[in-house]
Every structure is written in structure tokens, then in C-alpha cells.
Amino acid sequence: MQKNKLNLDFGLVAEARQSAARIAADIQPFIDQHSSVTVERTVARLLGIDGIDELERPLPNIMIEAIKKEGGLPLGAAYWIGRAMLATGKTPQEIAEGVAAGEIELAKLPEKSVEDIQAAVNKVAVKTVERIRANRAHREDFIKNVGEGPKPYLYVIVATGNIYEDVLQAQAAARQGADVIAVIRTTAQSLLDYVPYGPTTEGFGGTYATQENFRIMRRALDEVGNEVGRYIRLCNYCSGLCMPEIAAMGALERLDVMLNDALYGILFRDINMQRTLVDQYFSRIINGFAGIIINTGEDNYLTTADAVEEAHTVLASQFINEQFALRAGLPEEQMGLGHAFEMNPNLKDGFLLELSQAQMARDIFPKAPLKYMPPTKFMNGNIFKGHVQDALFNMVSIMTNQGIQLPGMLTEAIHTPLLQDRALSIENARYIFNNMRSISDEIEFKEGGMIQSRAQAVLADAAAMLKDIEQEGIMSTIEKGKFAGVKRPMNGGKGLDGVVVKDALYFNPFIELMLGKEGE
Amino acid sequence: MQKNKLNLDFGLVAEARQSAARIAADIQPFIDQHSSVTVERTVARLLGIDGIDELERPLPNIMIEAIKKEGGLPLGAAYWIGRAMLATGKTPQEIAEGVAAGEIELAKLPEKSVEDIQAAVNKVAVKTVERIRANRAHREDFIKNVGEGPKPYLYVIVATGNIYEDVLQAQAAARQGADVIAVIRTTAQSLLDYVPYGPTTEGFGGTYATQENFRIMRRALDEVGNEVGRYIRLCNYCSGLCMPEIAAMGALERLDVMLNDALYGILFRDINMQRTLVDQYFSRIINGFAGIIINTGEDNYLTTADAVEEAHTVLASQFINEQFALRAGLPEEQMGLGHAFEMNPNLKDGFLLELSQAQMARDIFPKAPLKYMPPTKFMNGNIFKGHVQDALFNMVSIMTNQGIQLPGMLTEAIHTPLLQDRALSIENARYIFNNMRSISDEIEFKEGGMIQSRAQAVLADAAAMLKDIEQEGIMSTIEKGKFAGVKRPMNGGKGLDGVVVKDALYFNPFIELMLGKEGE
Amino acid sequence: MSADGRSTTSTTAHSTIDLTKIKPYGDTLNDGMMQFSFTLPVPYSDEAREAARLYLLKMGVDEPQISHYEDLGVGYTFFVCYGKGTHTVDFTKIEVPKVDVEVMDKYGVEDYIKENIKRPVVIVGACTGTDAHTVGIDAIMNMKGYDGHYGLERYEGIEAYNLGSQMPNEEFLAKAIELNADAVIVSQVVTQKDVHIPNLTNLIELIEAEGLRDKLVVVAGGPRISHELAKEIGYDAGFSTGTYAEHVATFVVTQMVQRGLV
Amino acid sequence: MSADGRSTTSTTAHSTIDLTKIKPYGDTLNDGMMQFSFTLPVPYSDEAREAARLYLLKMGVDEPQISHYEDLGVGYTFFVCYGKGTHTVDFTKIEVPKVDVEVMDKYGVEDYIKENIKRPVVIVGACTGTDAHTVGIDAIMNMKGYDGHYGLERYEGIEAYNLGSQMPNEEFLAKAIELNADAVIVSQVVTQKDVHIPNLTNLIELIEAEGLRDKLVVVAGGPRISHELAKEIGYDAGFSTGTYAEHVATFVVTQMVQRGLV
Ligand code: B12
Ligand code: B12
Ligand SMILES: Cc1ncc(COP(=O)(O)O)c(C=O)c1O
Ligand SMILES: Cc1ncc(COP(=O)(O)O)c(C=O)c1O
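Residue numbers (the numbering used here), protein chains in the order written: chain G, 30 to 549; chain X, 30 to 549; chain E, 11 to 272; chain L, 11 to 272.
It is worth saying that the hints were derived from the structure and are not from the lab.
Note that the structure is a prediction, hence the values are computed from the model and not measured.
Beta carbons are placed, not taken as given, at the ideal position from N, Cα and C, and that holds for glycine.
Watch out, some of these pointers could steer you wrong.
Computed list of lysine-lysine pairs in DSSO-like fashion (alpha-carbon distance at most 27 Å, straight line) [unchecked claim]: (1) X:406 <-> E:203; (2) X:406 <-> L:94; (3) G:406 <-> G:516.
Here are some chain L residues pointing at chain E (derived, C-beta under 7 Å) [unchecked claim]: (4) 32; (5) 49; (6) 52; (7) 56; (8) 61; (9) 68; (10) 69; (11) 70; (12) 99; (13) 101; (14) 104; (15) 106.
In isolation and in its complexed conformation, chain G is listed as follows (with noise of 0.2 Å):
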């Protein structure tokens, strides 16, 4: 299967990916050092806490407030909660209650020992720990014995704003051939730093990711699941403020897929740098070991950038990605690396492009299940146009062996997928991969050809730019805007207040848990 079909300099691969690796690596003790608020809410909602107050404050937030108001949070959550519960004999939750409604001072309660307070805290870990194990093997068990769709993953979104008429569409997708049900969130979401709470019906162009709201989708597409016959997979995004608190939430309630790339709310959502490389990593470990695919965002580079000239930057994300996946204990097998079919379709021989970057994806990271964006930028209002750009997509799709596809929508410049859009997005995407099947066993490219010289070209390129960055340094690089062509200062952006240097005797339990044990 694996057969270098473009000729492709694997030397150079090597030393891309190695200088992804120092990438990652030179940045990683600056990670280990610092926690963030999300971080510490994370912990705090693993550990069991969750609800709001009567003001609708989430009770996580409540206690990390209170934390870092005590100026404790150097110490990190779990010291805080675990020396609540050996002073009060209360669970986490209780304690939480007890902040929120001003009856416990945490800073105030009897001071434990770091070896008390790490063994009362790990008993509660271990539970949750459990918890997403056996979600884990849920899924496996789910699909062993009800079965799943054939790659491409057949991945559409519901964003009505409203979870129960999501709920709706989302059994109908599946009913008409979907896989995986990304449930879009609202505009706003990935900038407040904290999770909204129950379920929700009111969103613009979203609908709320919450944990209820992760819950009820659960169940329906459990149903449908079984109705058809095949394991519906369900997306959500943790990218934005609250990165790892998500992750959470998702692993809890048996999430699949989350939207999760290491630099994306830097660059697109002006997110610190600083915050989001912390935030990441934590998000990461948790995805990693709760099974669920991640998705990155390098799609979003050409929705601004165009798509010829700025290949090699997507190609280079994917492996800076990969390498901060690998820190993260994140296997190959869940990095949805993302990628797009984002070339003006008036392009001559447009289509060899985007066969060879596609190919090139997945020749370069042959077990990862990568994500294949759609076209959108050059979507207009011609929907009959449109759906012929949709079919090239998913022909290249399938010619390629992507993993995951996210079909286009033919009103893509118009609206919001309404439900006869998605059916026949669907219904696009299902013909071509079926009619199509076993076409990428049976082309070749041409020796020297446009497709292979044009993937060969790119592949320098990213290979060049990682050298530099490698030189550079993450940070630098991004505040000298050369992703994206997005300037980022390294303490500009949302979020730095919630950043915070470790103290020695921090500790986070689930790091342990998850990553020692499971990872890789």
C-alpha cells in the first residue's frame, strides 16, 4: 500500500520531522513549567466538580478564581482540593459548593502533607481515569460488535444553535451515510474562559459545547448508531480558552473526534501564545488517552492564505502538530492532521495540485487519519457549480485515502448546511467514494511528472521552513507573522493573566495517569 507513489526524497522527510522534533522539544520546558487556569479547572472537573452558582458561574471557575485569588495556584488545583478533602472529609464537589457559597476558604483550612494530599487526590483520579478508560472500550466494543463506516469517514457538521434540533439533523445525517457528527460551536464560544453549562438552544452560526449538551448528542447518535448499524463518531471543538476543560468533558462523555491543534487559537483566535502552548498539551494528553482523534486546523491557513503559493506552511504545521501530539502521548493512529482542497477552481491543472498535496499528506503520514477540509473560499452563490467542486474534492478524497472527509456543502457561500444541503453533500460524497472505491490502488503518477515535482517542491520548501523555525524558535517565529502571515506578540493575545509559573511542589495527577501509563 505504501508505495512512495511521488517519489518522494524520505531523507528529507526525516529531517523535517527532526526538525519538528526540536521544535517541539526546545519549547517543551517552558511548557513543564507553567499551568493556566484552564489547566487547573481541568483538574478541578476530573476530579468531579462541575455545576454552576445561581449567577450561572461555573463552579470549576469559581474555585480556580478563589485559588488564584489566595494567590495559590502555583500549587495547582489538586493540591488545593486535596487538602480540602483531608481537611473537611468532603468530596470535591461538596467542597466546590462549599466556595461558591462563601462557606469554605480553602487558604483558611489546615494545611496537609504533599504525600496526603497526593494520595487522597489520586483515589478520586483513578475513579475518573476508570471512567474514561471505559469509555474507551466502549467505542471499541461498539464498533467490534455493531460495526463502522469505511474510510473516508464521512464527517458533516449541525449548527443550527439549538442541540435538540441538532439532534435532528444529526440523526438524519446518519441516517443518510454520515460517520462523524461535528457539532459546530457558537461564534463567540472559543473566547470565554469558562464552559457554559446545561443544555442549550441559542447560538449564531453554533451551538454550545456543554457537557450536557455533549451528553444528549451522545445519546442520540448511540440510537442511530445502532439503528444503522454503525458507530457514529461525535465532534466537538477544544480550541479557544478553555482547551483542556473541554478535552475533559469530552473524554467524559465518550467524545470522538475534537478539533485540537497546537497553534491555531495563537494565530486565528489571537489567543497568547504562551497560554495556548500550555493549554495544548494538557488538551492533548487527555484526547490522547481517551482515544479520540484529534483534529488540526492547517485548513485554516488557506482560507486566507491562497493555497499554491502557501502549501509548504500547511505541510510544515502538520509536522510541528505531529511533534507536539507526540510529547503529548498522542499515537499517529488519532492525529486527524488537517488539510484543505482550497485552490481557485479556475486554476488550470488545479486538480494535479491538489492530488499531489493530498498524496503527499498522506504519503508522509501514512497512519495518521487525515482530516480533508472542502473547498469553501471559492464557493459563490452558484450551488450547481459548486457541487461540481465538492465532487472534485471527494474525488481527490478517495484517489488519496484520506481518513476523515468533511464533504462540502453546495450553499457553502450562502448559509449554514441546511438539511437537504447536507443530504445531498452526503449523497455526493457517498457515490464517488463508492463508484470510485479502488481507484488509488490502480493510478500511478507519472515519473517526473507535474503531480510528483509539484509535491517534491513543496516538501522542500516546508523542509527549509522548519529549518528556519528550528533556528528561530516557535515563538519568535510566530511573532514575526510567518504562519499564516499572522503577527503574534508573545504577550499580546486573550488570556496571559490566566498563565501561571509552577510551583516546585505542583502537582496534576491526570498528567501521571494518563500519560504514563497509556501513551504510547
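Please arrange chains X, E and L with the ligands on chain G, whose structure you already have, making use of the hints.
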């Protein structure tokens, strides 16, 4: 370019071709010994006879019926017209008018020597031949000076029933990018044993083929061709009971493409086989001389038979059509051999079989401007899926370098094309042709893979079938229903009473003029 | 599937469907969303765009949105639009006339003939008038059948005669009489400018003129032939896309018994 | 192209277009042919099909034809239809409000500033509210421009400030005041559930509250922002798909001169 992409056994190709050559040779004496009413009407037309009487009967029909009634047909129309010219000093048209008015009785005119008659007729015939030669030169000049579209030529139909409405639609199509405009004939015309006269505005699912309609459309296409900087080819149909007559009209009015199949009328219109075999010969001589590309009708096999199972019959028929055409002096460059994209879209890997079939035709008939027909049978009222089927068809065409492409219509299963349907169809094809322009040069097929093996198997079946027919004879083969599953008796079907055995003195000046001098 | 066809977990979304007032659905109940495409015979311009918008407003479309418009090259303009239908339809009042017999399969039909008719049933079919589309009638009649369903020729107890295409009505009827037909079944595929209507009507008139209307089961079929239409012009039934031999066979044999034509 | 846009050889076909009563065109003048697709929240059935037909009839569609219908899997049915619109529109009465200045190119604008304004023109732009779609405003403002048309930043005589995305209106206006803006230009791309309307309205209200409405040229843009809509909610102009920097530049500088803001 000619790379034997499919690893075909060209020895077997040569064998098949020889079988077909022998099949055609076998029937040639029969053809040479016979003429038909439409062949003679054609001679009359080429000698300048045109127009209708007050009952709207075409003068060529009146002439030939008059000759036939007197038992004079074995000598041929040229003989009688020439004799009348010598006897009366009138032009052929004046003679025809005289006959129609009952003023001239051909058999009663004084006899003349055959040499004198031939000389007189030849003088007129040469002028007609010169006019056709000039048409051909005019076309070549237009293309040289103004230009033409790249292959595959985009061939679209107009079918309003009203020649003026057709003009509107044709000019629109040319501006949208069409290279060939085919004016579809009204439903019943192929069974008329005469050609209607003058401009017409009433037809069902098509417009009458008349010389005036040809002229009107030719003028409109030259006009728009100059405007868009591309020669726009005009196509019509010379199948049915008037094959050579329509060919003659087309040659006179500078048509560029003609539907013209050696077997179509027999199989699909139940026209007597003797009649069609005789008629096709002269019609092809005319088309060949006029530089007109013929389009054969193999696609029709697949509208009734299964495209997977009966693929070899298409190839066998292409070989036969090729040999009949060569015999009529029609060079390979004018052989638009037909085939079609007609497999069930729900077939797993069906695309690979289509690709194989199209590439096979390309490799076996390298110089022919293959005519590739779109999906029709498996189109249904779902225009969105249909548009994608058409896209896949366009892809196969550009992947295999077809010559003439009939882009499919998304409304194929609903109605004859609306103005907007045609525009969308052209847009679909142009997008794909441009976006994948060089793909046929970039892609190779796996040695021994599904694509190669399929083509090899189809070729083997076709060669075997041709061997069979060679043993059996073409007429007996058709009688037994081995083509398209349709049985046609030797003496059944329409038009047999219009066939006549030639006299030893029979002559048709155009065969020699067109074949001898210009046939390749 | 239940009337609203949705499973329990999703009912909370649309518990409010009012079947007396249904409207198109885009992504929210009663949003009325519809897609349109059409051409106006006016030159590509802002005014053309406005004309398209006004046209949709006249149709009762709210917030019409011209997503795309383009010049078709002859002073005409093509539009792709979306908008919100404001009309409603009372779904509870809809009644569709149907061929309402329980469809039997091939063996069912064969047994039914044995038990209730006790002699061969003669069915004569063709594609009449100028129509040459035989695939449909062949699908119903030929041995081989269609889509895995055998055709009438293979039914024990049925004598099926397929007279092919472009069969003039007179000739067709004469042949049917000669063969002692119990049922005549005709296919019409070309419907442009409604050419099938006079042709189908003509056949019925001929049958009536021969005084055979009561003695024959007369059936029409084709992609655009509805049962309703067929009844309207005097046929016993009409069959459209998706028909198999067993459908028409069931209808014919049960009609024969019901009408005492055995 | 002439009003009916057709060349001489084809006029015989449609010499009869009555512009006071235009109708959709399929393949024959005034055939009214239109294509539709939509979903009804009723289960796949003959009754659903009939409901779709009735719906089109209510819209004034003659001979509605359901070409295709399919089950969407949740008790809803999707339809593809054709039919003949019966309404007509009077094309001769249509007047579309337009930004009616003769568009100057980059050099034209630069010369115009030199001659008529004689000082730098300050233009401040952003994608305001929650909208993060910067590609449109970038196309207008950034150096690089779009589709071969340079952006405002490259115009001599114009000082262009692109404040980026998700810019709250208050902050945006404060910045504009600080920079002494002559024009503020805002982009709105997300229009779902009409989120852009309150946001655009809010900006105008803030400008009025500051007493700046007369002193500023205020422009909106985005794929679904028409000039008409922009005027309606109090902007000086609106620009949609297909806009280049020179369009908005021309408008701003001529407005400034017309309104005496030089
Ligand atoms: C194959 C085909 C042809 C073949 C026909 C070969 C043959 N021997 O049948 C050829 C190439 C010869 C042909 C020619 C023409 N065709 Co044609 N053809 C088609 C095509 C592609 C498929 C039709 C088909 O075979 N369907 C498959 C069968 C199984 O479906 P069906 O007919 O609907 O039958 C089913 C049911 O309707 C029902 N049924 C049908 N009949 C009956 C009868 C009874 C008694 C019962 C119970 C049931 C029943 O049961 C069947 C099985 O479920 C259609 C487009 C399309 N995709 O539909 C155009 C189409 C039908 N053709 C069309 C036209 C215009 C023509 C021509 C007039 C074009 C021309 N000017 O040359 C000619 C005219 C021929 C003539 N005189 O009739 C138009 C008709 C437009 C309209 N609405 O009127 C169509 C829709 C294409 C188009 N968009 O222009 N055609
Ligand atoms: C690229 C893109 C993105 C990128 C944006 C990157 C960026 N930095 O801009 C990313 C991936 C981040 C994105 C995110 C989202 N997007 Co988005 N996106 C698009 C996409 C594919 C292209 C938009 C584009 O760049 N067009 C090209 C530019 C040049 O065109 P333009 O904006 O129309 O600008 C021209 C004119 O309008 C005019 N103009 C525009 N502004 C101005 C201003 C002035 C003053 C003037 C004079 C002229 C002017 O001039 C420009 C040049 O001619 C469209 C789909 C499509 N094909 O249109 C969806 C689309 C706009 N997005 C959509 C949605 C819903 C979202 C999300 C809300 C999805 C989600 N829930 O996560 C998020 C939210 C982001 C946010 N907070 O706003 C919807 C909007 C639906 C609607 N009608 O409301 C669309 C239509 C896709 C869809 N079908 O769902 N998106
Ligand atoms: C990695 C990643 N995260 C998140 C998102 C979604 O954006 P938002 O930040 O608005 O939720 C995207 C969108 O493409 C993405 O690629
Ligand atoms: C060779 C040939 N001639 C003619 C026709 C047209 O049919 P008709 O005989 O109805 O004109 C076709 C249609 O496919 C064809 O293939």
C-alpha cells in the same frame, strides 16, 4: 502520447480490425449492385433539384417517383436527368419543375448516348462538387484565421422544435463555450422517406432537418463564431430513410458533423437492412468528401443493454463502422466513433470500468475524434446527483483525451434542455476540462490492475464476436439479434421497396468525383 | 415510521409540528426555506436582479435572496435564489387516489389465477403512437424483467404479448382483439408538449367505439403517468417510476375478478 | 448589448418580448419554467408528494412536476420540482438605487485628492461585532489588495487603518476619533439570523450620539450588504460581492467634496 496505457495486445487489435474489414468487404458487392430512392434523390439534389410543389411534395421525390413509376430507376437519376437536359436544353431544376407540373414525361423524351449524357451531367456535377470543396476550404480558413476550441469539443444539443428559438439557444450556448451545436431532429423524421422543405417552427422534441434550417443555423453560428473567436461546428442527423440526401444538404450548407451510423437505422429504427447498407455508403462518401465528421451511434446499444455486460458489442460495432467508413473514403480523422458513459452509478468501482472503456477506445482508434455520450439511462429526477454524474463523465473524458464531448444535462430524465440547463452543463465540462487539463498525461494505470484487465477482456470479447460475425456475415448476424439484442429480418422493416438493383448502364457521377479524387 | 417519523430523543426539537399548516423546512421548523433557479428574459444587470427578487415576492416568498446570477449570453439572466415560503398546506386534508390492491408477488399472482380465473390471462402491451422508448414496457413484460423482478412473460398463467414500439393505436387494438386480450397495457414516455394525452385518449376512444371498454382492463404507464391522470382520461389505472411486473399483474387479475371478466 | 440583448439573426424568435410582463424562460418565451427544491416536514409518501404539488400551486406555479423526492431519514421529505410561474413582473418600472458615482481608478482617486481635498484622507476600517471574517475588509484595505486591485493602504493621499476583526463598536469609534477619521468603513459577513443588523445599527447610533454623523462618511460592506439595506439603516453606502478598493475610495472622496468635508 500513444502509450498503450492499458497494455493491450495490439496483435489482437489488428485481428479484430481484419475481421471487421472482411465483414465490410463481404457486403460491398451487394452495396455496389444496389441503389435506392434516397440515393437517387440525392443525385437529383446534387444536380440542383430542390423545392416543393403546391402539395409540399419535394421535387426530388416527385422526380424519383416519376422515374420509378416508369421502371427507370435501375439506370439511376443521373441518366434520366442528363437525357432530359440534352433533350430539352433545360437545367435539372427546370426539368423537375416540368415533371412536377406534368409537362415533361421523362420516358417519352428522345434517347441519347450514354457518353453524351454522362458528359452533360458531369459538367453540372463538377460545379456542385466545387461548391462543396469550397465549403470545406471555407471551414478550414475560418479555423485557421479565427480559431477553434480545444478538444474535447463541447457538443450540445438544441431541441426546441422551432428553428428560430434554436438559433437563440445555439448562440447562447456558443457564448457559454460550446464548440458544436447539434440541432436535434423532430421525433418522427427518421421514418419519413422525404426531407421537408423550408424554415420550420413546429417539431416534437426536435426541429425538422431541412436545408433552409441548415442555412439559417449556419449563418447564426458563423456570426457568433466570429464574435467569440471560435469556429462553431454545426451538427445534424443523417440517419433514417434519407441518409445520403441529408448528407448532401449538409455538404451544401457547410455542416461539420453528422450522425451517421452503418447499423443504427436497422437496429433502432427498424429500417430495412438492405436499404440502410446501401444508403450509408453514399452518405458517407459525401460526408467524407465534405470534410464532415461523422458520429456513429454505439452509445445507443447501452441505452437498452447493460453497459458492463455489453461493452464488447460497442467495440465490435466501432470496428465495423470504421471499416465501412474507410470503404466510403472517410478518413480516420473524421470518424467520430460513438461510445457512452452508461454504467449504473451505484456500481462499486464503476468509474474504473468507464475509465478503462474510454481509454481503450482512445488507444484503439488513436486518430478518431471519438464522440463520447453522457449518462442518460441512470439519470433520474435528482438533478443534483445528476450533475455529479455528469462531472464524473467529464472527468473520464479529459482523463482519456476524448475528441467530442456531449456534456450531460442535469435534467436528462425530466425534459429536453432548458437554456439554463445547457449553461450549467457547459460550465460543468469547462471547469473540469480546464482544472484537469493535463491529467491524461500525468496518470498511469497499474500493471495488471482492474483497469487494464477490464480493457483486455473487453477487447478479447469483441475480437471473438467479430470473428463470429465474419463467419456468419453481417446480415445474418443482425437477423439473429446479436447486436443490441435486436432481431431484424433481411426483408423486414421500412424502406425495402425503395431499394433497386442497378442496371449495367447505371451511373452516379458523384461517387467517382468524390471518392476518386478526394478520398484519402 | 410514525407520522412524524422522528425518534424519541429528537422529539423535543419539533413537538410543535402543526400538520394543518405545513411549510418548507430549512434548518428550523417553519422557516419556509426553499431553493429556486430560473432564467428571466432580461439582460444581466442590477435591474434583472431586482426583477428576480420581485418575482419571488409575488410568489409569496419572504426575504428572497439572489445567491447567484449570471449572463446567459443572449440578453437573458440566470438566477439561483433562496427564500422563505409563506404559504402553508393542510397536510391532514390530503387524499391521494391510489391503485389500492395489496400487491402480490409472482407466485401470489400465479396462485390467484389458478384459483380465481382458471384460464390463461392474456395481456397485450406496447409503446404506442410515435413513442419509441421500449425500455419501460420491456421492464414490465420481458422474461428478464427489471431490477431483479421477472417480467410478465415469465408468469405462469399469463400470456404476455409485447408489441414493441411506435405502434399505431388502431393496429395495436386490432392485434389485441385478435389475441383475445383480457388487458391492454400501454407505455408513454415522451410527454413533451403533452403529446401523450391525445394519443392515450385516442386509444380509449377506439376501445369504446369497438364496444370493448367493459370487457378490457386498460392500463397506462410511464415516468410521468400518475394513477390520477390515467383515471382522468378513462384508464383503469396508471403506473409510474418504480413499477414492477407484479404491480400491474396484481392489478389486472384482481380487476378481472372484481369486474367479473373471468 | 441592446435591451433585449439578441443579435439580428435570432430576433425572429422573440420579437414579442413584452417587458411590462416578464416571466421566467425555459426554452420558449413566457413558458414560465422554474426549478425548485425544498424539504417538507412530513414523511416520505404519496401524500407528501401531493403536499409539495399543492404548495407550488399555492405559489402560483402551473403544472408543478415533482421530478424527485426522497426520504431524509427523520420523517421529512426532500423534493426537486419544476413548474411554470404564472406571475409577471413589470421590468420597465424597476429602478434600483445605486451608488452612482463614476468609478475612478487608483490614479484617478489620487489625482482627485490632490486637486480637490489637498490633504490626506483618513479611512478607518474593521470587521466589527463578533465577526471575524477579515478577508473582505483586507481585500479592500491591505496593500496587496485583491484580484489585481491594490488596497487603500497603497493609495497616495489616503491613510488607511485596518483595525482587524471582532472589533467592538465602541472601541472602533474611539479609535476612529483618535485618528481623526474622515470615513469609517465596516465589514459584516456573518448574517445568520440577521446578526449584522443590530450591530450595524448600534454603530450608527454611537456615531450620532457623538454628534459625528455629519462629519463622517460611513460605509458598510459584505457579501449580503446591499446599497439599499445600508441606506435604510443610516449608512452613506453599502458595497457587496465584487467590490474593489477603488469603488469605496471613489465614493469616499467624492462624498467628502460633495458634503464639504474637505
Ligand atoms: C433510453 C432513452 C432513449 C432511447 C430509447 C431506447 C429504447 N429502445 O427504449 C433512444 C436513444 C432511442 C431515445 C430516443 C429519443 N428520446 Co429518449 N430517453 C431515454 C432515456 C435516457 C431513458 C428512458 C428509459 O429507458 N428509462 C428506464 C425505464 C425502465 O424507465 P421508464 O420508462 O420510466 O419505465 C418504468 C416506469 O415508468 C413504468 N412504466 C413505463 N411504461 C410502462 C407501461 C406500463 C403498462 C406500466 C404498467 C408501467 C410502465 O415501469 C417501468 C419500470 O419501472 C430518457 C432519459 C431518462 N433518464 O429518463 C430519455 C428521454 C425519455 N428521451 C427523450 C426524448 C425527447 C427522446 C427523443 C424524442 C429525442 C430525439 N428528438 O431524438 C428520441 C425519440 C424517440 C421516440 N420516437 O420516442 C426525453 C423525453 C422528454 C419528455 N419529457 O418528453 C427524455 C426524458 C430525455 C430528455 N431529457 O430529453 N431515448
Ligand atoms: C474564509 C471563511 C472563514 C474563515 C475566516 C478567516 C478570515 N480571517 O477571514 C474562518 C475559517 C475563520 C471562518 C469562521 C467562521 N465562519 Co466563515 N466563511 C469563510 C468563507 C469560506 C469565505 C469568506 C471569504 O473570505 N470570502 C472572500 C471575500 C473576499 O469576500 P467578501 O467577504 O464577500 O468580501 C468582498 C465583498 O463582500 C466586499 N466587502 C466585504 N467587506 C467589506 C467592507 C467594506 C467597507 C467594503 C467597501 C466592501 C466589503 O468586498 C470584498 C471584496 O470584493 C465563507 C463561505 C464563502 N465561500 O463565502 C464562510 C462563511 C462566511 N462563514 C460562515 C460562518 C457561519 C462562520 C462561523 C460562524 C462558523 C463557526 N460557527 O465556527 C465562523 C465564525 C467566525 C466569526 N466569528 O465570524 C458562514 C456565514 C453564514 C451566514 N450567512 O451568516 C459562511 C457563509 C459559510 C457557511 N455557509 O456556513 N470562516
Ligand atoms: C483547530 C480548530 N479549532 C477550532 C475551530 C473553530 O473555530 P472557533 O474557534 O470559532 O470555535 C476551527 C475551525 O476551523 C479549527 O480549525
Ligand atoms: C447514429 C444516430 N442517428 C440518429 C439518431 C437520432 O435518432 P432519430 O433516428 O430519432 O433521428 C441517433 C440518436 O442517438 C444516432 O445515434
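Outcome of the hint check:
Simply put, residue 406 of chain X and residue 203 of chain E have alpha-carbon atoms about 22 Å apart, close enough for the 27 Å limit, and the pair holds. Proposed proximity of residue 406 of chain X and residue 94 of chain L is supported: the alpha carbons are some 26 Å apart, at most 27 Å. For the hint linking residue 406 of chain G to residue 516 of chain G, the alpha-carbon distance of about 22 Å falls within 27 Å, and the restraint holds. Here the hint on residue 32 of chain L is kept, as its CB sits about 6 Å from the closest CB of chain E, short of 7 Å.
Given hint, residue 49 of chain L at the interface with chain E, holds; its Cβ is 5 Å from that chain's nearest Cβ, closer than 7 Å. Interface hint status for residue 52 of chain L: upheld, as the beta-carbon distance to the closest one in chain E is roughly 5 Å, under 7 Å. Interface restraint check for residue 56 of chain L: the shortest CB-CB distance to chain E comes to about 4 Å, inside 7 Å, so the restraint holds. Interface hint status for residue 61 of chain L: upheld, as the beta-carbon distance to the closest one in chain E is roughly 5 Å, under 7 Å.
At its closest, the beta carbon of residue 68 of chain L sits 4 Å from a beta carbon of chain E; the interface hint therefore holds under the 7 Å criterion. Proximity of residue 69 of chain L to chain E holds as hinted, the smallest CB-CB distance being about 4 Å (cut-off 7 Å). Interface hint status for residue 70 of chain L: upheld, as the beta-carbon distance to the closest one in chain E is roughly 6 Å, under 7 Å. The closest approach between the C-beta of residue 99 of chain L and any C-beta of chain E is roughly 5 Å, which is under the 7 Å cut-off, so the hint is satisfied.
With a least beta-carbon distance of about 5 Å to chain E, the hint placing residue 101 of chain L at the interface is held under the 7 Å criterion. About 5 Å separates the beta-carbon of residue 104 of chain L from the nearest beta-carbon of chain E, less than 7 Å, and the hint is met. Hint status for residue 106 of chain L: holds, given a least beta-carbon distance of 4 Å to chain E, under 7 Å.
Going through the hint list in order, the structure satisfies each hint without exception.
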